[in-house]
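> This note's numbering numbers the first residue of the sequence shown as 9 and each following residue consecutively.
Honestly, the hints are just simulated from the structure, not real lab data. Watch out, some of these pointers could steer you wrong.
[As the list claims (entries may be wrong)] Distance ranges between label pairs, derived from CB positions:
1) R59 to V91: 35 to 41 Å
2) G35 to S101: 18 to 24 Å
3) E80 to E39: 16 to 22 Å
4) D50 to A105: 40 to 46 Å
Remember, predicted model here, so these are calculated numbers, not experimental data. Note that beta-carbon positions come from the ideal geometry of N, C-alpha and C, so glycine has one too.
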Amino acid sequence: MEISEDAAKMIEKRANKILKGIDVPEGDKNEIRRELVSNYADASAVKAQARGADRVEGADVMSAFEASSDPEEIASMYMASYVKSLKRAGLLSRAIAYAIEPGAFSLFYGI
């Protein structure tokens, strides 16, 4: 389904607003941007089809936004899932880090 230029700009603006609240590496951020844009475009297309249109307009995008969570809440959900995917450094990694930078160990632990 075709998306109007205004509708595409609205979706991109919402994705950028959400991404401001997400602190992840740039590669992950780009993947999240693609996912957000795709999800909003799909939701907007459903709204357009419901009104019998073959083109997504701004009103369809606004309707999709109203049916979704708040941008800050969406950012929080992405950050929570990202944090869960992180793993703590093991003993070997920490020993290597200490060998490379022993001063950082004492600064971090106040020794």
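> Decide, hint by hint, whether the structure agrees.
Cross-check of the supplied hints:
1. R59 and V91 have their C-beta atoms about 39 Å apart, which keeps the hinted 35 to 41 Å range intact.
2. Against the hinted window of 18 to 24 Å, the Cβ-Cβ separation of G35 and S101 comes to about 22 Å, which satisfies the hint.
3. For the pair E80 and E39, the beta carbons lie near 20 Å from each other, so the given range of 16 to 22 Å is met.
4. A hinted range of 40 to 46 Å holds for the C-beta pair D50 and A105, which are about 44 Å apart.
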